[in-house]
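Chains G and R, in that order, give the protein sequences.
Each residue of the first sequence is one higher than the one before, counting from -17 in my numbering.
Each residue of the second sequence is one higher than the one before, counting from 12 in my numbering.
FYI, nobody ran anything at the bench for these hints, they're computed from the structure.
Treat the hints with caution; some may be incorrect.
Selected chain G positions facing chain R (in silico; Cβ < 8 angstroms) [said to hold, decoys possible]:
hint: 1; residue: L32
hint: 2; residue: I33
hint: 3; residue: S34
hint: 4; residue: S37
hint: 5; residue: G38
hint: 6; residue: F39
hint: 7; residue: F42
hint: 8; residue: K43
hint: 9; residue: L61
hint: 10; residue: H74
hint: 11; residue: K77
hint: 12; residue: N81
All C-beta atoms, glycine included, are put in the ideal place defined by N, C-alpha and C.
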Amino acid sequence: MLTVKNLNKSFSNTCVLQNASFSVDLGKICAISGVNGCGKTTFLKCISGLISYDSGFVEFKSNTNFLFLSDKPNVFGDLTIEENLTILSRYHNQKIDMNIFNDSLEVLNIAELRELPLKFFSQGNLQRNKLVIAMNLKWDYLFIDEPFSNLDHQGIKAFKKIFTRFKSEEKSIIFSTHHIDESKSICDKMINIKNSTLISDVI
Amino acid sequence: MLFKLIYNEFYLESKSSYNLFYMSFFAISCLMFLLFTFPLSKINDIIIFNGFLWIIVALSSIKLIENSFARERDFSVHDLIYSSSIDLSLVFLSKLFTLNMILAGVQLILLFIYILFAGLNFDIVFNLIPLCVLTNFGLIGFGILIFLLTNTSTSKSFLFPVIFFPIIIPILINSSNIALGLIIQDTASLYIESWLILLTFALLGVLLGINLFGRLIKQ
Chain G
-17 MLTVKNLNKS FSNTCVLQNA SFSVDLGKIC AISGVNGCGK TTFLKCISGL
33 ISYDSGFVEF KSNTNFLFLS DKPNVFGDLT IEENLTILSR YHNQKIDMNI
83 FNDSLEVLNI AELRELPLKF FSQGNLQRNK LVIAMNLKWD YLFIDEPFSN
133 LDHQGIKAFK KIFTRFKSEE KSIIFSTHHI DESKSICDKM INIKNSTLIS
183 DVI
Chain R
12 MLFKLIYNEF YLESKSSYNL FYMSFFAISC LMFLLFTFPL SKINDIIIFN
62 GFLWIIVALS SIKLIENSFA RERDFSVHDL IYSSSIDLSL VFLSKLFTLN
112 MILAGVQLIL LFIYILFAGL NFDIVFNLIP LCVLTNFGLI GFGILIFLLT
162 NTSTSKSFLF PVIFFPIIIP ILINSSNIAL GLIIQDTASL YIESWLILLT
212 FALLGVLLGI NLFGRLIKQ
């Protein structure tokens, strides 16, 4: 279980998160919504340890891995999908299963791009590549920022299907989004951030 | 694990546009620019060459460090790397070793040019290699830390060389002192002290890097 208690974060004198508390069990999908600049990305970065917070605590059940995918491409531009994934797997001290890798390219419909350096990918295909990373690395919690942005209808459908597959494997996904209607069908929990405060279960 | 990360860094250096070839080209360009400032009769003077060598090494180290982090920031892969459970001091050490080796490669190419144009012999070049490696540990170690301290925003990035140069001046002076001692085969004056100062800077750079890299990269 991931537990966040009384998390506070300010930038200079601007309070972004105030006494934010929530918990997510394994095998659940949680969406975080809110207007631009409300603190969705900051919240995800705080719980993944990428930025420090002023007070409060974030606790994972022991021996749990997590993966953070920001709203940016998350790639080395000069590498191909496979090379990029191999490099990232070394940073995460894991090995790539080529069967899963080939399957993920087919599912996301980007198999024909496997020889192309990632810097030439469209925004939508870079977004698909993020899910290739998520499908090939081992994790218990996935924090992903704006997963549905830049995706066409088919892409959103594929993402939702893969998210549901992750859920059936007892993995948890916490993502920020503006696509509230698209997210409702797959989420167990929805959180809205308003005036620096988390408002839980707005489904 | 460390070897895997070092392999990663070398692989990325070879794949990206910022490899040994481009760094050597940069170093040779710097050397040619500097040579313009002296009359032709003076440019094969070993004292001038020695000074140029360490100026170019300092400039190359700045470029190498900037390129190494720019590669991660161009497409924002750094969030994914630095949120992993990996020991970040190993990432620092892998960067330190890789950039040290590439800088040593650039130095060897420069020294080869010196063999051709300034009459330097192979024995001296062989003796200069440990000096180059020790100097590089100090330069790269402190360089990475100062880069992380000053690159919190684009508008502050100009501070990197501004803060870096005063800190590395003692390294450059002592490296130059030892190199000159080796070339003219007069190692009496301040020789041991210079080695000890370089060793101190190298150890400080490595130890501070191991302890502070994780905190600075996540600030």
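A quick look at each hint next to the structure:
1. Nearest Cβ of chain R to the Cβ of L32 (chain G): about 5 angstroms, under the 8 angstroms cut. The hint holds.
2. Nearest Cβ of chain R to the Cβ of I33 (chain G): about 7 angstroms, under the 8 angstroms cut. The hint holds.
3. A hinted interface residue such as S34 (chain G) counts as satisfied when its beta carbon comes closer than 8 angstroms to some beta carbon of chain R; here the least separation is about 7 angstroms, so the hint holds.
4. Taking 8 angstroms as the C-beta contact cut-off toward chain R, the hint placing S37 (chain G) at the interface is violated, the least distance being around 17 angstroms.
5. Below 8 angstroms, beta-carbon pairs count as interface contacts, and G38 (chain G) has none with chain R, the closest being about 17 angstroms; its hint is therefore violated.
6. About 17 angstroms separates the beta-carbon of F39 (chain G) from the nearest beta-carbon of chain R, more than 8 angstroms, and the hint is not met.
7. The beta carbon of F42 (chain G) is not positioned within 8 angstroms of any beta carbon in chain R (closest approach about 11 angstroms), and the interface hint is therefore violated.
8. Interface restraint check: K43 (chain G) against chain R, minimum CB-CB distance 14 angstroms, threshold 8 angstroms, status violated.
9. A cut of 8 angstroms between beta carbons decides the hint on L61 (chain G): the least distance to chain R is about 6 angstroms, and the hint holds.
10. Here the hint on H74 (chain G) is kept, as its CB sits about 5 angstroms from the closest CB of chain R, short of 8 angstroms.
11. Hint status for K77 (chain G) relative to chain R: violated, with the closest Cβ pair at about 11 angstroms, above 8 angstroms.
12. Given hint, N81 (chain G) at the interface with chain R, is violated; its Cβ is 22 angstroms from that chain's nearest Cβ, farther than 8 angstroms.
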